[in-house]
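A.B. asks: In case you want the letters, here they are:
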Amino acid sequence: MTDFKKIEENLKKEAKRLLESGEVTVVLAYGKGFDEKHPMPFAAKSVADVDNIVFNEYCNYNMARYLVRYPQGTKIAIAVKAADSRAVIQLIQEEKIKKENLVLLGIPVIGMKNPKTDEVIDSKTTCGMHNPVLYDVLLGEEVHGQKIVSPYDVLAEYEAMDKDARWQFWKDQFDKCIRCYACRKACPMCYCDPCFIDQNKPKWADKAPQSPGNIMYHLTRFHHLAGRCIDCGECSRACPVDIPLYLFHKKVAKECEEMFNQVSGMSIEDKPVLVNFRVEDSDKILE
Amino acid sequence: MLKKTAIEKISQLAAVLMEKGTLLAPVKEVAGHNFAEINDPQKVDLNFYNTIISPKGAFFPPKEDFIKYKIGKTITEAEQIKVDSKPVFLFGVRPCDVKSFSIMDIHFNAAGIIDPYWSQRRKATTIFGYAYDLNQPVDAADFYNSLGIYAADPEGSDIFMVKKDKDLLLKGITPKGEELLAQLNTLVDAGKDDEKYYEETLKKGKEYKTRFLCIDQDVIAKKLEAVFNNNDFWTKVSSACLSCGACTFVCPNCYCFDICDDTIFGKGTRRRVWDACMFTDFTLEASGHNPRTQVYQRLRQKINHKYSYHVKKYGVISCVGCGRCTRSCPVNIDIYSIVEEALKL
Ligand code: SF4
Ligand code: SF4
Ligand code: SF4
Ligand code: SF4
Numbered sequence: 004m005t006d007f008k009k010i011e012e013n014l015k016k017e018a019k020r021l022l023e024s025g026e027v028t029v030v031l032a033y034g035k036g037f038d039e040k041h042p043m044p045f046a047a048k049s050v051a052d053v054d055n056i057v058f059n060e061y062c063n064y065n066m067a068r069y070l071v072r073y074p075q076g077t078k079i080a081i082a083v084k085a086a087d088s089r090a091v092i093q094l095i096q097e098e099k100i101k102k103e104n105l106v107l108l109g110i111p112v113i114g115m116k117n118p119k120t121d122e123v124i125d126s127k128t129t130c131g132m133h134n135p136v137l138y139d140v141l142l143g144e145e146v147h148g149q150k151i152v153s154p155y156d157v158l159a160e161y162e163a164m165d166k167d168a169r170w171q172f173w174k175d176q177f178d179k180c181i182r183c184y185a186c187r188k189a190c191p192m193c194y195c196d197p198c199f200i201d202q203n204k205p206k207w208a209d210k211a212p213q214s215p216g217n218i219m220y221h222l223t224r225f226h227h228l229a230g231r232c233i234d235c236g237e238c239s240r241a242c243p244v245d246i247p248l249y250l251f252h253k254k255v256a257k258e259c260e261e262m263f264n265q266v267s268g269m270s271i272e273d274k275p276v277l278v279n280f281r282v283e284d285s286d287k288i289l290e
Numbered sequence: 369m370l371k372k373t374a375i376e377k378i379s380q381l382a383a384v385l386m387e388k389g390t391l392l393a394p395v396k397e398v399a400g401h402n403f404a405e406i407n408d409p410q411k412v413d414l415n416f417y418n419t420i421i422s423p424k425g426a427f428f429p430p431k432e433d434f435i436k437y438k439i440g441k442t443i444t445e446a447e448q449i450k451v452d453s454k455p456v457f458l459f460g461v462r463p464c465d466v467k468s469f470s471i472m473d474i475h476f477n478a479a480g481i482i483d484p485y486w487s488q489r490r491k492a493t494t495i496f497g498y499a500y501d502l503n504q505p506v507d508a509a510d511f512y513n514s515l516g517i518y519a520a521d522p523e524g525s526d527i528f529m530v531k532k533d534k535d536l537l538l539k540g541i542t543p544k545g546e547e548l549l550a551q552l553n554t555l556v557d558a559g560k561d562d563e564k565y566y567e568e569t570l571k572k573g574k575e576y577k578t579r580f581l582c583i584d585q586d587v588i589a590k591k592l593e594a595v596f597n598n599n600d601f602w603t604k605v606s607s608a609c610l611s612c613g614a615c616t617f618v619c620p621n622c623y624c625f626d627i628c629d630d631t632i633f634g635k636g637t638r639r640r641v642w643d644a645c646m647f648t649d650f651t652l653e654a655s656g657h658n659p660r661t662q663v664y665q666r667l668r669q670k671i672n673h674k675y676s677y678h679v680k681k682y683g684v685i686s687c688v689g690c691g692r693c694t695r696s697c698p699v700n701i702d703i704y705s706i707v708e709e710a711l712k713l
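Residue numbers (our numbering), protein chains in the order written: chain G, 4 to 290; chain D, 369 to 713.
To be clear, the hints were calculated from the coordinates, so they are not data collected in a lab. If you're wondering where the values come from, they're calculated on a predicted model, not measured in any experiment. Yeah, the Cβ is synthetic: ideal placement off N, Cα and C, and Gly gets one too. Certain hints may be false.
Taking lysine to aspartate or glutamate pairs in the EDC-like style, the calculated list, with each CA pair at most 20 Å apart, reads [claimed, not checked]:
id, chain 1, residue 1, chain 2, residue 2
1, D, Lys411, G, Asp175
2, D, Lys377, D, Glu387
3, G, Lys206, D, Asp533
4, D, Lys712, G, Asp54
5, D, Lys635, D, Glu447
6, D, Lys388, D, Glu547
7, G, Lys204, D, Asp630
8, G, Lys35, D, Asp600
9, G, Lys257, G, Glu290
10, D, Lys531, D, Asp562
11, G, Lys204, D, Asp643
12, D, Lys450, D, Glu405
13, D, Lys377, D, Asp557
14, G, Lys119, D, Asp507
15, G, Lys206, D, Asp626
Pairwise CB distance ranges, derived in the manner of DEER restraints [unchecked claim]:
id, chain 1, residue 1, chain 2, residue 2, range
16, D, Asn407, G, Gln171, 16 to 26 Å
17, D, Ser655, G, Phe172, 38 to 48 Å
18, G, Lys35, D, Thr661, 24 to 34 Å
19, G, Asp156, D, Leu713, 50 to 60 Å
20, G, His226, D, Thr661, 49 to 59 Å
21, D, Lys441, G, Glu122, 56 to 66 Å
22, G, His227, D, Lys681, 38 to 48 Å
23, D, Asp433, G, Gln75, 41 to 51 Å
24, G, Ile151, D, Thr631, 49 to 59 Å
25, G, Ile113, D, Thr651, 38 to 48 Å
26, G, Pro215, D, Ile443, 22 to 32 Å
27, D, Thr631, G, Val152, 45 to 55 Å
28, D, Ala550, G, Pro197, 53 to 63 Å
So these bits of chain D aren't anywhere near chain G, every CB distance computed over 12 Å [claimed, not checked]:
id, residue
29, Met369
30, Lys491
31, Asn503
Working from the sequences, and respecting the hints, build out all of it.
C.D. replies: In structure tokens:
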């Protein structure tokens, strides 16, 4: 089992060292919230801030979400769990950030929980990996010997539905959407400014929280994330009405992987799959 | 008049109300409870703490259609959409949320600013307030005591309801409520011990404590005004904020809206939809200039509007401490803690 206290200690130690030496000007980590069950994303900017850092099983936040807020060239240290490190890699591939400006504080962890349900977050709603893919410093023991579960297993039931039932399933889900946009705002890969849905000229979709505007918003967002979503599950966790967005993202990721034989956010050498042309690429997308 | 019914038989009461008009009541959804128009009386579920989204939608729906139009070559046809004035029963509203309606009235239903949609719905609606269950723990996010609101406060309700073990006690508060109560034949008269229980619950409600910030609203309003330019403070408290709309959309007191024309192939609807001061484009001007480009500016606006400008302009805080914004915030930003910290500056 993960030693959360130990990781917290190491996180504080590293944050202190990096800020003290001036190696970085900000450490993106987790801080105290209004109670223990509700920690918050936290940006430590001075040694005095380090005291506020915490780490426990409710620190789900993907801190990569905040990277693009800082001007290019800012030296940043960032705490990354497995999926978060993949988001960093993907952002590097997309040239939004540079590796040389980052210090990755890797957190291998098992047993993160959703504070609303107290369920352990695993491959069902996220990529289910335990160890960061990329890191400079490791803050705990790597997790090994766990049964490997495909993040796509959860799709079985959904894939078994026929086309009409599946369409109905999504129409019902989208009807619930109140268009608060917490999903896109929680997503590390949703950095467009302005987002297509906020544009007026042309206006891509209705503003009212109903179909067809809701369908337009979600289907477009799903496709803008094709080959880019790293399956951190933050969009679904952020949703106040619990729309299982992860199902659609996983389905698109799975298709993408099958077609192009590349998993998002796994190597900084890769090029984003949909902007990279390779002669051997599948033509299935054109069929 | 005090009446009662077994909670088990709540669907019978629901069925009677549905015959008389539209019933809006809590139903269970995947993520928790929400108010919804009831089509099946079995769906009414009083086994909830509070709903995820506030009941403000009963008067100020997320989407309100005003005009349907058809743009022609020479003339444009338009037709105004009228509000349905059928009686509405808003069932199971917690005291803090009942309080929010009177604060919202300032904006939609006061001298000089009568919003016909809000005010017609307000008139057509009978509010069934519902005391919090004093035997259940209070949620850590709530702080309505700070605003002088108590867990079993009948003020503002037409009928006030209290849970007594397996029964529901219903008390007429306004003449409108009394009149309706007398017509509901699935209810039975309450006994002496029920009367006593009801009165005691109202009293005990004052002892059912939420977090408490000693709020002198003028002190807070002045303090927030004084720290307006403390950018370090606002940057710090907003550093986690995602600038989404979750907190304002679930809030019973947020009332900003956007008016838009949704047109397709020359046909369309002019409507208003909820808007949020936390959205990036909320203050975007036609020139392209945006006076609030930073997240801290938006969060500061949200908090100052509720706790400072609103107090100065209308003499009341625009928040009832229902805790929804804290519960729904994806990053656990807590408006109460921010006000508390500002007071310490
Ligand atoms: S779409 Fe959802 S799961 Fe994918 S990267 Fe964005 S927040 Fe994470
Ligand atoms: S977070 Fe949920 S309710 Fe909000 S816009 Fe996204 S899907 Fe819709
Ligand atoms: S600001 Fe938060 S606590 Fe206050 S009324 Fe709105 S949702 Fe409730
Ligand atoms: S306070 Fe929370 S819910 Fe509100 S805009 Fe910020 S992140 Fe979203």
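A.B. asks: Look at each hint and say if it fits the structure.
C.D. replies: Do the hints match the structure? See the list:
Between the alpha carbons of Lys411 of chain D and Asp175 of chain G the distance comes to roughly 18 Å, so the proposed pair stays at or under 20 Å and holds. Between Lys377 of chain D and Glu387 of chain D the CA atoms are separated by roughly 16 Å; this keeps the pair inside 20 Å, and the hint holds. Between Lys206 of chain G and Asp533 of chain D the CA atoms are separated by roughly 54 Å; this puts the pair beyond 20 Å, and the hint is violated. Restraint check: the Cα-Cα separation between Lys712 of chain D and Asp54 of chain G comes to about 19 Å, which is no more than 20 Å; the hinted pair holds.
Proximity of Lys635 of chain D to Glu447 of chain D is assessed by CA-CA distance (about 12 Å); at most 20 Å being required, the pair is judged to hold. Taking the CA atoms of Lys388 of chain D and Glu547 of chain D, the gap is near 13 Å; set against the 20 Å cutoff, the hint holds. Taken as a hint, the Lys204 of chain G and Asp630 of chain D pair is honoured in the structure, with Cα atoms around 13 Å apart against an allowance of 20 Å. With a C-alpha separation of about 18 Å, the suggested pairing of Lys35 of chain G with Asp600 of chain D holds against the 20 Å cut-off.
With a C-alpha separation of about 17 Å, the suggested pair Lys257 of chain G and Glu290 of chain G falls inside the 20 Å cut-off, and the hint holds. For the hint linking Lys531 of chain D to Asp562 of chain D, the alpha-carbon distance of about 10 Å falls within 20 Å, and the restraint holds. Simply put, Lys204 of chain G and Asp643 of chain D have alpha-carbon atoms about 19 Å apart, close enough for the 20 Å limit, and the pair holds. Taking the CA atoms of Lys450 of chain D and Glu405 of chain D, the gap is about 19 Å. The hint holds against a cut of 20 Å.
For the suggested pair Lys377 of chain D and Asp557 of chain D, the alpha carbons sit about 15 Å apart, so the restraint of at most 20 Å is met. Among the hinted pairs, Lys119 of chain G with Asp507 of chain D is consistent with the structure: their alpha-carbon atoms are about 13 Å apart, no more than 20 Å. Simply put, Lys206 of chain G and Asp626 of chain D have alpha-carbon atoms about 15 Å apart, close enough for the 20 Å limit, and the pair holds. Between Asn407 of chain D and Gln171 of chain G, the C-beta spacing of about 18 Å keeps the proposed range 16 to 26 Å intact.
At roughly 44 Å, the beta-carbon separation of Ser655 of chain D and Phe172 of chain G lies within the given 38 to 48 Å, and the hint holds. Range check, Lys35 of chain G to Thr661 of chain D: Cβ separation about 28 Å, and the 24 to 34 Å hint holds. Checked against the hint of 50 to 60 Å, the C-beta distance between Asp156 of chain G and Leu713 of chain D comes to roughly 51 Å, which is consistent with it. Between His226 of chain G and Thr661 of chain D the Cβ separation comes to about 28 Å, which falls outside the hinted range of 49 to 59 Å.
At about 59 Å, the CB distance of Lys441 of chain D to Glu122 of chain G agrees with the hint of 56 to 66 Å. Roughly 41 Å separates the CB atoms of His227 of chain G and Lys681 of chain D, a value that falls within the hinted 38 to 48 Å. Remark: the range hint 41 to 51 Å for Asp433 of chain D to Gln75 of chain G is upheld by a beta-carbon distance near 45 Å. Roughly 51 Å separates the CB atoms of Ile151 of chain G and Thr631 of chain D, a value that falls within the hinted 49 to 59 Å.
Distance hint check: the CB atoms of Ile113 of chain G and Thr651 of chain D are about 44 Å apart, consistent with the given range 38 to 48 Å. Remark: the range hint 22 to 32 Å for Pro215 of chain G to Ile443 of chain D is upheld by a beta-carbon distance near 27 Å. Taking 45 to 55 Å as the suggested C-beta distance range, the pair Thr631 of chain D and Val152 of chain G conforms, at roughly 48 Å. Range check, Ala550 of chain D to Pro197 of chain G: Cβ separation about 56 Å, and the 53 to 63 Å hint holds.
For Met369 of chain D, the non-interface assignment is confirmed: its Cβ lies about 38 Å from the closest Cβ of chain G, beyond the 12 Å cut-off. The Cβ of Lys491 of chain D lies farther than 12 Å from every Cβ of chain G, with a closest approach of about 25 Å, so its non-interface assignment holds. Every C-beta of chain G lies more than 12 Å from that of Asn503 of chain D, the closest at about 22 Å, which supports listing it as non-interface.
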